[in-house]
Amino acid sequence: MSLRSHPVSAGLTLLCALLLAACDPAPQTDRYGDGGPDAGRAGFAGLGAANDGYAHARPGTRLNFPGDHGPHPGFRIEWWYLTANLEDASGEPLGMQWTLFRQAQQPDTDTAPDPRAQPWATDQLWMAHMALSRGASHRVAERFARGTSRPRPQTARQAGVTAQPFRAWLDNWQLESLATDPTIDALSHLRLNARAEDAKGPFGYRLDLRAEGPLVRHGLEGFSQKSADGQGSMYYSQPFYRVHGEILLDGAQHTVTGRAWLDREWSSQLLSPTQTGWDWFSLHLNSGARVMAFRLRGGGDNNGDYYSGSWITPEGKVTPLKADTLKLEPLARAEVAGQTLPVRWRMTLPQQDLTLDIAARHPNRWMRTSVPYWEGAVTVKDATTGAPRGQGYLEMTGY
Amino acid sequence: MLEFRHVHKTYATPQGPLRVLCGVDLQLRAGESLALMGESGSGKSTLLHLAAGLDLPDRGEVSLGGQSLAGLDEAGRARLRRGALGLVFQQFHLIASLNVADNLRLQARLAGREQPDWSAHLITRLGLAGRERHYPEQLSGGQQQRLAIGRALAPRPALLLADEPTGNLDEATADTVLELLLELVAESGSSLLMVTHSPKVAAPLDRRLMLRHGQLLAESAGSDHQDSRRPCA
Amino acid sequence: MRLMGVALATLLSHYRRHPGQLAMLLMGLWVAGALWSGVQAINASARDNYARAEALLGDDYARLEREDGQPLTRDDFIRLRQAGILVSPLIEGELTTDDGMQLTLIGIDPLTLSGDTTLTRSGAPGALQHFLSSPWQTRLAPDTRARLGSQPTVHGGTALPPMIEVPALPPDTLVMDIAIAARLLGTGDAITALLGNRTALTAAPDGFVLTPADARASPRELTQSFHLNLTAMALLALVVGLFIVQAALGLALEQRLSLLRTLRALGVSGRTLVALLVVELAILGLAGALAGLLSGVWLAQTLLPDVAATLQNLYGATVSGTLSLPWHYWLGGVAVSLGGLVIAGSGVLWRASRLSLLGLGQAQAWRRGYQRQLRVQTLLGAVAALAALALGLTPDTGLIAGFGLVAAILLAAALWQPPLLAWLLAMALRVLEGASRPTRRLALTQWALADLQLQLPRLSLAMMALLIALAANLGVSSMVGGFRLTFLDWLDQRLIADIYLNPPAAQFDDINRWLAQHPAVHERLTTANADSELLEIGAPNARPRRPGLPLPVFGITPGETLMVDWPLLATLGDRDAAWQTLQQGGVFINEQLARGHHITPGDRVTLTTPGGRQSFSVAGIYPDYGNPRGELVMTTAQVRRLFRVPPRSMGIVIQPGEDPGQLRQQLMTRFALAPHHLRDQRQLKATATAIFERTFTITRALNGLTLAVAALALLATLLAQAEERRRRLATLWALGVPRHRLLTTQLVQLAGAALVTGLLAVPLGIAITACLVWGINVAAFGWRLPLHVFPAEISLTLLTAVLVALLAAGLPLLKLWRTPPRALLAEEEAG
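Protein chains in written order, with the numbering used here: chain A, 78 to 476; chain B, 5 to 237; chain C, 566 to 1396.
Calculated directly from the structure, the hints in this document are not laboratory data.
None of these values were measured; they are calculated from a predicted model.
Some hints here could point you the wrong way.
[As the list claims (entries may be wrong)] Here are the simulated SDA-like cross-link-like pairs (lysine to any residue), alpha carbons at most 20 Å apart as the crow flies:
id: 1; chain 1: A; residue 1: K277; chain 2: A; residue 2: R445
id: 2; chain 1: A; residue 1: K399; chain 2: A; residue 2: Q429
id: 3; chain 1: A; residue 1: K399; chain 2: A; residue 2: T432
id: 4; chain 1: B; residue 1: K204; chain 2: B; residue 2: S44
id: 5; chain 1: A; residue 1: K277; chain 2: C; residue 2: A765
id: 6; chain 1: A; residue 1: K458; chain 2: A; residue 2: H439
id: 7; chain 1: A; residue 1: K277; chain 2: C; residue 2: G649
id: 8; chain 1: A; residue 1: K277; chain 2: C; residue 2: R763
id: 9; chain 1: A; residue 1: K394; chain 2: A; residue 2: L362
id: 10; chain 1: A; residue 1: K399; chain 2: A; residue 2: G137
id: 11; chain 1: A; residue 1: K277; chain 2: C; residue 2: I650
id: 12; chain 1: A; residue 1: K399; chain 2: A; residue 2: Y384
Work out the full structure: start from the sequences and follow the hints.
Printed below as a string of C-alpha cells:
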C-alpha cells in the first residue's frame, strides 16, 4: 500500500477507476454510488454509468486556450498528466510521473454548496499521484483533497487548478506556468515541484519544462473517440518538453535532463460498458516525431478492441491513427505484483512504414496507489534491426 | 444360601486387639430361618455385618449363594446387598426425608425390581394403608419398624438379615411385629437370619444358634451353659 | 442409571424437607456470584469503553495547536498542507438531540486523515462517496444508535445523516464528514485540532505547539487503580459467599450422614454416593451461578450509571451507560462460581468418601473432632501468617505478591478466629470455675458460655465470613476515604492560586505587567515547561546510571504561598533547606521518577538542555498522584533560561478579602480573554469532590452488599440449628429459667461473639488498607498513598458487627418467643 492510501481507498476507488481501468475485471458493486439501476453493470468500474446532467465531450467542440488549461467542473472527470524520460549526469535513465486528477461529485455546478456558508463542503474531489523510478527502485506517493467548483477568489485552497496564471496543485505538489508573455501558451514553460516522504525516506523532484513545439489536439480537433458507439473525451497534449532539474531519490540528489509529455483530458463517460481497461503509449522518437497510441480492450466494432492514436510530426502536425493504421500486439508478459502484464509490445504503423519493439525499462513499475495500475518508462527499437528509435511511457490498466 | 467357613474377626481398640469371631462355621439353606442369639458384645452384630458384606473377615470365608464376598469389590458387594439382601435394623434407619410409600419402595427401586402389587400388598399387610403420605417421624415405633421390614422385603430378597428387629419396641408391639415379619418372610420366600438376645423371639424360627465368646454353640446348649473362658483363648 | 436416579432423588429429598438449607445454599452461591459478576461486568464494560475512546483519539495522532492560543482555522490547515506538513483537520463539539441526549460530534476529513484507525474506519465498503457528500453519513457505535432511536433530530427537527454502525467507536460519539459536522455545530472555518501521523509529525512548525501522540494525558492509570479496587472487593465478596456455601454444604452433609449410611447399607456403593454428591453440587452450582450472573448484570446495570459518570468526570472518557458483555464474560462468571463451589464442596466430598460404613447409628464424637479441627486450623493459620510475613518482608514485590499478601493475611485471620473464640470461651469458663460460690446468675453465665462453646463448630464458619466481610469493608472504605482525602489535599496544595491564567503567548508580558500593579493580586506564580532527557543519575558512592529517559521539565515560582503548601515526601535537610536549594538551582522530582529510578534527595541528575548537558542536585521528592510518568520541577526562571522557552501559565493568588470573580472579569474585559484562558479553582475542586462522592456511592453499595452476605450467612447458620437449640433451651426452661432470660442470654452470646469478631476485624481491616495503599498501589502505579485511619469507620465496623449478629439472631429468637413453653418441653420428650 502506498503511504497514505489505505483508509481512503474504499471511497476513492471510483475516482481512480474513472481514470484507469482498475484491477477488477468487472464491477461487483455500485461503486459509483448514485445507486442507479444500471450502476452495477455500467461498464468497467462504473465508467459507462448513466451520466445525465454532466456536460459531454462531443465532436465539434472547440478548444479554447488558455481557458481549457483550467478545470471543467461540469464534466465528471479530468486530469493533468505529466510523464518524463530523464537521465542523470552519468547517463543513467530515470522515469517520473506527476498527475492531478479531478472528479465531480455532482453534475450541476450551480447548485454546488456555497463555500462561504459551508467552508468544508465539497463537490469536487482531487487526487494526485507522483512516481519516481530508476532501475529496480520505484517510489510512489498519493494524496487527496476536497474542493469546490465555486472557489472563493483570494481564498486558499488545498488543491485546485487555475488557468490564468496557470497553476495546478495539491498540498505542496505544484505545477505552475513560468510563461510571462501572454502571447505565448501558458504551458510552454512550466515548473514542477513535488516532494513526498515514506518509510524509505524522502523523494521528489524540481523540474523546469520548456516546450519545443505547439500543443497537439488529438482525434477530431481535440475530441478523442473512445469506443465504436461514439463516446469519448476532450484530449490535447504538450509532447515537446525538454526538461532539466533536480531529483531526490534514495538519499541522493541528482541533476537530470530529458523529455516530458503533458496530457490534458476531460470527459463524463470515458468507456463503453464492455470495456475493461487500456494500454496507452506516448513515445518520443529520435526522429523528432511523437506517437500517442492506445488500445481500449473491448468496445470496438463487434466488441473487439478499440484502437486509436496520433502520429505527430516534429512540427506538431497530427495524423490520427485508427485500427487500420495502428497495430499493437503484446510480445512478452511478466509477473508484476501478482498480475501478468505485457511488458514488451510491437507497434506497427503501416502508413509511416514503421515496426517498433517497445519494452519496459523495468517491469517493476506497479503503482501501489488506492487503485493500482502500471505506469513506466519504455525503450523503442526498430523491430527488424534492433536499432534504437526512441523512448517513451506506457500505462496499462485493468489487468 | 449363606455360608460362613472358619470366619475370624478382630477389631483394634485403644485397649488392644478385640477378638470378636473365632472360627465361626454356619450354613443357612434357602427358605430356612435362623435365630442367632447371644449376649451383648458376643459378636452377633459383627456376624450380621459380615453376612451383609458391610465388613470383611480377617480369615475364613463368607459366601452368599455360592459367591464368596471376599471375591467381590466394594461395588460388587453393594450390588449384592441391594439385589439379594434385605436389612432390618434395631434403630429402623428410615429415610426421614421420604414418605412412607417412598421409603417402602426405596430398596426395590434401587435394585430395579419394583413390584407394585407386592408393594401394595406389603403396605396393607403392614397396616400402613392410608399413611403412605406420612413421614417416618409421624409414625409410632412399631409402625416405623414395620415400615423398615416392608422396605427390606419389597424387592423379595433371597435373604433377610434382621438385627434385633424388636429391640426398640414394647413387648406387645414386638410380638405383633415379629409375627408379621415371619409371615411376610414366608410369603416373600426369603431366608431369614435374625439376631436377637430373646429366646422368646427366637422360638418360632426353624433353627437357633448361640454365639458366645466368638464361637457358635449348639442351640440347645443355650442358656444353661456357662463358659468363663476368654473368647478365642 | 435407575439406581443413580433413585439414589439422587433420595439425597435431594432432604432439601424438600429442609427447604431453608437449600435456600441458604443457593443464596450463598447466588450472592457470591452476583457480587463477583456484577463488579466484573462493570469493569469489563468500562474497560471496553476506554479502549474504544483511546482507540479513537489516544495514541494514534499527534496534535497541533496555535502558539498564540487563538483557535485554529481552515487557513491554518491549508497553510500547513501547502508547506508540506501533512495535517488533517478535526472539529469536535457537543450536540444535543431534540430528545435531550448529549452527544460528542467529531468531524473529520477522511481525504487527509492518515492511518488505519477507528476514526478512519468506515464501517462499510465503498462508503466514502456517501460519507463526503449529501446526505452524508453518521458513523456511530451500535449502543449509541440503540439509544438514539430510529429518527434522531437536532436543532428542532433537523434529521441526522443516515447512520452507519462502527462498533469500535466510543459511546455517545458521532463521526461525520467535517463539512456536515461544521454545519451542525455552526463552527464555520474553525477547527478544534490539527492531527498528524504520530511518526511523521514530530516537530512543531513555527507558530504552533505540538502535542506528541503519546504525551497526552491518558485515563489509564487512575482508572486501572479504580478497577483494581473494584476487583479486589469483588474477590472478597466471592470469598464471603463461598464461606456461606461451605457452611451450608457442611450442614447439609452432616444432617444427611445417617441417610448416606443407610443408602450404603441398602446397596449404594461409596463411589456412586460421591458421584451423586458431585451431581448434586453441579445442579445447585449451575442454578446458583446462573442466578448470580443474572442478578450480577442487574447489579451492574444499576451501578453502572454512577461508575460511568465518575469515570467521565475523572478522565473525560465516555463510558456507555448500558452494558455490553462479550460471551466470555458469561462463561467466566459461571466458571468462577462453579470453581468456588468445587473448592467449597471438596471438603464435603472428601468427608463423604471416607464415610465409615459401620458408623451406623453411632453418635458423632463432635467435641474431640472439633478440638482436632481447631488445632488443624491454628496450624494452617500459622502457615498463612508465615506466608504473609514472608511476602510482607520481601522488598519490591509485584502486584501478584501484593494480592497474595492480602489473601494470606485474610486467611490467617479467618483461620485463627475460631480457635481464638474457643480459647476465650475456655478461659472464661475456667475463671468462672475458680469463682467461690456459684450463684444462680453465675450458673446461667456458665451455661451460656458452655452453650456457646457447643454452638461454636457451627457458628465459626459464619463468624469467619463476618470477619472477612467486616475487614474488607473497613479496608476498602479506609482506602477509598484515604484516597479521597489525599487527592483533595493534594489538589488543594497544587491549586493554591485562586485563578489560573493561560493567556496567548503574545499577551503574557502585558498581562503580567498589568497584574504586577493590581492591588488585589498578592502573588503571581508563573510556570513554564520544556522537554528534556534524563541522561545520567549520580548518587554518592555509586556508579552513575544512564537511563536516557525523555523527561518533561516544569517550572514553578517558589512564592511564599506555594512554598508553604507544596507537598514534599522527602527532602535533603528540612523543607526550608529544600526550597532554598531549589531557588539556588536545585530540582524536585516526582515520586514516580524517584521510585522508578531509585533516586533519593542528594543525588544528582544530568539533563539535556538546548545549551548542552546540565547537572542538578535533587532537593526533594513530591507526590504526583495519577500521573503515570516521571517529572522534574525547577524554578520557572531557570526553565526559561536553560530551555529558552516562554512562560506558559500563571497562577494568581489574590489578597485576602478580595474577590477573584472581579479580577477574572477585569482580565477578560481588558485583555479580551476567552473563558478557556482562565480557570477557576473552585470549579475544579467541586468537580473533583463530586467524582469522589460518586466513587463513595459505589463503594458503599458494594460494602453494604458484602455485609448483607455475611449477615445472611449468620442468619442461615442460626436458623439451621434453631430447632436443636429450642430443645436445649426447653430443658433450662423446665429447670426454671424464665423465657425472657433465655432470650437475652442468646442475644448476649451472639453479640459477644460478633463483638470479638469485630474487634479482630479492626486490625485486620487496617492491615488490608495498608497492603492496598502501600503494596498494591505502589506495585501497580508507582505512587504510594498515605495511610489514613478513620476512628468513625472503626466504631461503625464494631457497631455493624453487633447489629448484624443481633439482626441474624432476631428471626430464630422470634420463633422461640412465639413457641409456647409446653411445646418446647413436648419437643424435648419427643426427642
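Verification of the supplied hints:
1. A:K277 - A:R445: 15 Å, holds
2. A:K399 - A:Q429: This hinted pair holds, its Cα atoms lying about 13 Å apart.
3. A:K399 - A:T432: 16 Å, holds
4. B:K204 - B:S44: Within the cut-off at roughly 17 Å; holds.
5. A:K277 - C:A765: 12 Å, holds
6. A:K458 - A:H439: Since the Cα atoms of A:K458 and A:H439 sit roughly 16 Å apart, the hinted pair holds (cutoff 20 Å).
7. A:K277 - C:G649: At roughly 17 Å apart (the allowed maximum being 20 Å), C:G649 and A:K277 satisfy the hint.
8. A:K277 - C:R763: 16 Å, holds
9. A:K394 - A:L362: 15 Å, holds
10. A:K399 - A:G137: 19 Å, holds
11. A:K277 - C:I650: Distance ~18 Å between A:K277 and C:I650 Cα, so the pair holds.
12. A:K399 - A:Y384: Roughly 6 Å between the alpha carbons, so the hint for A:K399 and A:Y384 holds.
In the structure shown, no violation is registered for any of the earlier numbered hints.
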